[in-house]
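Going by mature numbering (1 follows the signal peptide of the UniProt record, and there is no 0), the letters in the sequence shown line up with residues -31 to -1, 1 to 156, in that order.
Be a bit skeptical, because a hint or two may be false.
Quick list of in silico lysine-lysine cross-link-like pairs, DSS-like style, CA-CA up to 27 Å [claimed, not checked]:
#, residue 1, residue 2
1, LYS46, LYS36
2, LYS36, LYS47
3, LYS125, LYS36
Derived CB-CB ranges, DEER-like [what the hints assert, rightly or not]:
#, residue 1, residue 2, range
4, PRO74, LEU101, 20 to 30 Å
5, GLN156, GLY112, 25 to 35 Å
6, GLN148, ASN60, 16 to 26 Å
7, ASN49, ASP22, 49 to 59 Å
8, PRO21, GLY71, 43 to 53 Å
9, GLY71, GLY126, 35 to 45 Å
10, HIS28, ALA152, 11 to 21 Å
Rather than coming from a laboratory, the hints here were simulated on the basis of the structure.
Built from N, CA and C at the ideal position, the CB exists for glycine as well.
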Amino acid sequence: MNKLSRRARIVTGSAALAAVGMGAFGAVAVAAPEDAKPAPQPAAVKADVKTPDTFQTDHLTIDAASKAAQATLDAAKKANQRVSVAVVDRNGNTIVTLRGDGAGPQSYDAAQKKAFTAVSWNAPTSTLVQRLPQNPTLKDIPGTLFLGGGAPVTAKGGPIAAIGVAGAPSGDQDEQFAQAGVASLNQ
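Take the sequences, apply the hints, and build the full model.
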């Protein structure tokens, strides 16, 4: 008969010990009294907070954001302009971005920043540009871009989204296209 190596004996012994242990556990589990029931779990706590310390906000659906972005891009295309369009939610998070054929590489990021800026102050970015002489540090806020081309989307008097456009020769044109996207949501 061949002798097993020390390693083989250790592995075999460990496996046998584990098997014996599992058998003992099974025997204990089977031998448990029938009247021993598991402790009842507490019912799930329903968190339905209704206090003056909470509020709800409206948001655009992805379908509405896509519709607005496409209407914006269509308005720019009709004017023979190559632009990028960004639609952001109330928190400035991008919902959808479309980069038109031939739009410049800078337009993608600029459109997002214009939309973020418009929703942050619930104002068209062209209006915000006019405020810079009195508040020059506004432009130092990260993620903002104070150039025409951002338009807020409102519901019940408050901002719920914004559309930013970049790539046309002027911010006025960018903003005109963004307003076309906002208008498409009312149709």
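Item to check | Numbers of unmet hints, in rising order | outcome: Violated hints: none at all, because every hint is consistent with the structure.
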